[in-house]
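Enquirer: Residue numbers (our numbering), protein chains in the order written: chain A, 2 to 276; chain B, 3 to 291.
Don't read these hints as lab results, they were simulated from the structure.
Glycine residues also receive a C-beta, built at the ideal position from the N, C-alpha and C atoms.
A hint or two may mislead.
From the structure, some residues in chain B lie toward chain A, with a derived Cβ separation under 7 Å [what the hints assert, rightly or not]:
hint : residue
1    : Trp115
2    : Arg129
3    : Phe273
To spell it out: a stretch of chain B is covered by chain A in this simulated footprint if at least three of its residues, at any positions, have a beta carbon under 8 Å from a beta carbon of chain A; those stretches are [to be verified]:
hint : stretch
4    : 88-101
5    : 104-114
6    : 117-128
Calculated Cβ distances over 10 Å to all of chain B for the following chain A residues [what the hints assert, rightly or not]:
hint : residue
7    : Ala44
8    : Ile58
9    : Thr138
10   : Gly175
11   : Phe214
12   : Ala246
Okay, here's what each chain looks like letter by letter:
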Amino acid sequence: MAGPDEISKPRGLSARLIINGHILRRSRFLVGFVLLFALWELAVQSGVKEYVLPSPISVFYGFIEHWPNLLTNAWTTTVEIIAGYALAIAISIPLALLIAFSRLFEETIYPVVVFLQIVPKIAVAPLFIIWFGFGFTPKVLLVFLLSFFPIVVSAIAGFKSINPEIVDFVRTTGANGFRTFFKIRLPHALPEIFTGLKVGAALSATAAVVAEFVASDRGLGYLLLQYNGDLNTRMVFAAIILLSAIGVAIYFMAELLERIFVPWRLPPGGHTDVT
Amino acid sequence: MSNRTRNANTTDRLPDVTDLSTKQSAIRAEGVSKTFGTEDRPIVALSSVDLTIKDGEFIAIVGPSGCGKSTLLRIVAGISKPTTGTVTTPHGVVTSPLTDVGIVFQSPVLLDWRNILDNVLIQFELRGIKAKDFSDRARNLLGAVGLGDFLNRYPRELSGGMRQRAAIARALVHNPSLLLMDEPFGALDALTREQMRVDLEALWLKSRKTVLFVTHGIDEAVLLADRVVVMSPRPGRIEQVIEVDIPRPRGLGARRDPTFLRITEEITNIFLSRGVFHQGSGLSESLGH
Ligand SMILES: Nc1ncnc2c1ncn2[C@@H]1O[C@H](COP(=O)(O)OP(=O)(O)OP(=O)(O)O)[C@@H](O)[C@H]1O
Ligand SMILES: [Mg+2]
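For reference, chain B alone in the conformation it holds in the complex (with noise of 0.2 Å):
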């Protein structure tokens, strides 16, 4: 836990990991499959996917509902056990939670009960280290996603895309070395979730951690990630892994970038071959117009 000794001392700072010692660190998902239900009645979640995340790397996952980027999100977190296949990491085989990782869901998941300051502050409690020496760190990291006047508020009296930033800093507060997101922007409206994207990117240039992006929005992906994995429906594969190199920041400007229309036109022709999406309207056929 080098880590957490470092944070002591840069208590006043975001993380930022130029550390070269974590540098050549990478995980490793290997012929991971995952079968859910029954075995008359196997529900194929995933089969067998193998991906490298670098250190340091920004990877987005897309891919239609159901296709498994949950069940991969999960299994890379330890969290769920791959029915066959490995994940490792610089620690050895995966069996168990990692917990050197921040976790962001679709939903904020903060606790009612507690003020948006001891909502970050949790994170230190679970592990059983005192949350006081951190409190200084936490409100940094709550000022730097716009929330320093509302740390004695409560969940419930702050917006949805609040909460979120909210739910964010409680991810990073311990400085893990692997950021899980699982379509964190998902429930947000788009002119928020567009601004949690700019943000986002700029908190991550600061830190430069390992990320794991899990979303539907193929335009969200390629605007933030290094490489996009694009995943095809069930039975949950990787189609194909899409490097995507626009200079950062990328910000708002990025959408007009040739490289951003041409990695989004690629995918979403993936998805057309792949009957994801449909040309005309699907819909209206079935419907019987």
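Next up, chain A with everything else stripped away, as it sits in the complex (with noise of 0.2 Å):
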């Protein structure tokens, strides 16, 4: 394999071999899943009841004829997730730098946060329904809720887990505070921030579900609720699914962001031996 010791390979060549081991390695992951709906079917076909395990063909055709009920349900759902998540963001990150840089907010607010990050969070949906009610607001809240604290947590621990020495050199170039933050610090802290955004992604949407069971009337969860009360365990499997790919969604989306604004994390080719 062509792998990043190989320096004085001509480059064509090398560059060739990535990117073919590449989409070799980039498609395996294929072969889990095709075993998984192997699995699948072969349960169905062993005589397993409908209603407890329908067949992937029959999840399929569920899908199709309830296209469009899904789809607005799905809409309402992920925009839930994103506005929370986008809360999230927008606080958790100047909170991070305010407790990173200030002794004051460090001694004060952080202990707090340390505090609230043990609360389960999930159990406080439901006062979150007396507090803002049943519509779109307790929704964002949850969601907000559950993906602030990973953010937030990597942030700080990214800003200040800097290696003193790298403080001294930085010291002897009489850099001010500005160029610190931008040229050392921020580069520095995004590989933590960006492992918080992708914990963060994956839990908005578990936010937003719960959220939704403890009561809605519309959304996923709602979707998913009713389907399990009328038995219908096809349209729960294809809401499930439809609630999967969201999540996976947002969290590519996050890995999408963090190979744009890190792209040193991951060596061309995505070699992840050399740490």
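Two chains, two separate frames, one set of hints: put the complex together.
Expert: Shown next as structure tokens:
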């Protein structure tokens, strides 16, 4: 394999090897999915009841039949997720900056953040209904609440974890705080910030569904409960698959942004054996 | 900043500091001490250190771990404030970090997100100087430390020794008048270390910068320095300052020089008498054998 250690290889050849190897490695994940589907179909063939485990085909037809209904509700959930997640980013990053760079904030606010982080946030969902009613707001707030903490905690860690010797070096350049931040501290913190963003993204879909479970008249979580009540298992499956798709899409958005903003994290070609 | 203007004209060469205008400058530490910790449990890292570093001189500091070598270097750099005493440069008493210095640590502390060339050029960016104007100079310097083919590589793609060379290039690229090195070869294997030492001497012979070089290695100190400052264990004091007049370039051969042998033995004896070394095996005794 063309590894990063093969420095003196002619560029063209090694590039081609990397691309080929890359595609090969990239498509390997399909094998697992094919196996999963085969296993699923096998279980259905061996006589598991339709209301316990519908066949993949039947789920697929369910998708087609109820497409418009699924789509409107998926849209509702997506908007809740995006709004809550965006709010979490907008508040957590500035807060992380304050805590990382101000003694006062570190000593007063940070302990509160650490404490609140331990509170099982999902348990707050019913309370949000009392406070904010049945509409859009409690859902957005629960998404916010769940995705906020991983982002803020990892961003603080990113801003603070800098090697003191780098700081010493920077001081000998006489750089002001502004330059130090944008040239050193921010790029240094970005990988950790993105780790938090991805964890937050994964949690945000869960949060939206839970909030809809508690009380709502629309959204995929609401739809899921409806289908569940009717013992319409294949549509429950359809809703779950759609939800997963939304979660995956958001995760990959974060991943894509990471590749753009933190290109140094992965060597070209996605080799991860060098850290 | 007359240095800087000079750089601009000689971008394609290593700094040749034969410029006499800065020759008489010196760095003086007077009565420098440093105490860490609380008032009831103070840790005296340095106690009343007096040292004059002449311009263009290569000074090595040797001493056991924890004797305050790094502390002294940081105080000279103005990164750390002395508890008592002062450090003076030709520009006056040091009260804030010196900027006319290059600094190298035991770990290369390169920036992961920048390639090697940009890691060197950060020196200018942080100073608010257009890095582009110095790109040729950075390339030449990286070439001089053997990294000419690795300008676009990222730190993680380089070996430890190569990274340390890049860190040295970064410390020299702005042509500082003082080079501070804190165990710069400490993390390297013995072979690389020896090579880096020879290379550093060659580089220094070309530039004749003032160097303050901290090390654990008695050999390394004697092979590199004009004067070796021997420090004693806590509280850190200067035990002795020894002139090393072995002709340069010393290269690899100087290990056989009788002066080298005499001085290393002298330093070993100082450490023996101060309890840094023990004859026989103190460790096996304390393990009960
Ligand atoms: N920031 C600090 N806070 C408290 N004590 C410190 C601090 N920095 C250094 N010390 C203490 O000062 C003493 C000297 O430390 P220093 O790092 O200067 O030693 P050193 O000679 O460089 O050791 P080494 O060879 O292991 O690097 C040590 O006892 C250390 O515990
Ligand atoms: Mg040290």
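Enquirer: Tell me if the interface restraint on Phe273 (chain B) is satisfied: Cβ within less than 7 Å of some Cβ in chain A.
Expert: violated (27 Å)
Enquirer: Find the nearest Cβ of chain B to the Cβ of Ile58 (chain A) and say whether that gap is larger than 10 Å.
Expert: Ile58 (chain A) clear of chain B: closest Cβ-Cβ about 48 Å, beyond 10 Å.
Enquirer: Are all C-beta atoms of chain B more than 10 Å from that of Thr138 (chain A)?
Expert: Holds, because the least Cβ-Cβ distance between Thr138 (chain A) and chain B comes to about 39 Å, which exceeds 10 Å.
Enquirer: Is the Cβ of Phe214 (chain A) more than 10 Å away from each Cβ in chain B?
Expert: About 42 Å separates Phe214 (chain A) from the closest Cβ of chain B, which puts it past 10 Å; holds.
Enquirer: With a Cβ-Cβ cutoff of 8 Å, does the stretch 117-128 of chain B contain at least three residues near chain A?
Expert: holds (count 4)
Enquirer: Trp115 (chain B) was flagged as interface toward chain A. Is the shortest Cβ-Cβ separation under 7 Å?
Expert: At about 4 Å, which falls below the 7 Å cut-off, the nearest Cβ of chain A leaves the hint on Trp115 (chain B) intact, so it holds.
Enquirer: Could you check that no beta carbon of chain B comes within 10 Å of the beta carbon of Ala44 (chain A)?
Expert: At about 46 Å from chain B, Ala44 (chain A) clears the 10 Å cut-off, so the statement holds.
Enquirer: Against chain B, does Ala246 (chain A) hold up as non-interface, every C-beta pair farther apart than 10 Å?
Expert: Given that every Cβ of chain B is farther than 10 Å from that of Ala246 (chain A), nearest at about 33 Å, it holds.
Enquirer: Classify the label on Gly175 (chain A) as holds or violated, using whether its beta-carbon is more than 10 Å from each beta-carbon of chain B.
Expert: Answer for Gly175 (chain A): violated, closest chain B Cβ roughly 4 Å.
Enquirer: Do three or more residues of the stretch 88-101 of chain B come closer than 8 Å to chain A, measuring C-beta to C-beta?
Expert: n = 3 at 8 Å, threshold three: holds.
Enquirer: Let me know if the C-beta of Arg129 (chain B) comes in closer than 7 Å to any C-beta of chain A, holds or violated.
Expert: At 5 Å from the nearest chain A Cβ, Arg129 (chain B) passes the 7 Å test, so the hint holds.
Enquirer: Given as covered by chain A, does the stretch 104-114 of chain B meet the bar of three residues or more with CB within less than 8 Å?
Expert: Held - the stretch 104-114 of chain B has 7 residues with a Cβ nearer than 8 Å to chain A, which meets the minimum of three.
The structure does not agree with the numbered hints 3 and 10 stated previously, though it agrees with the rest.
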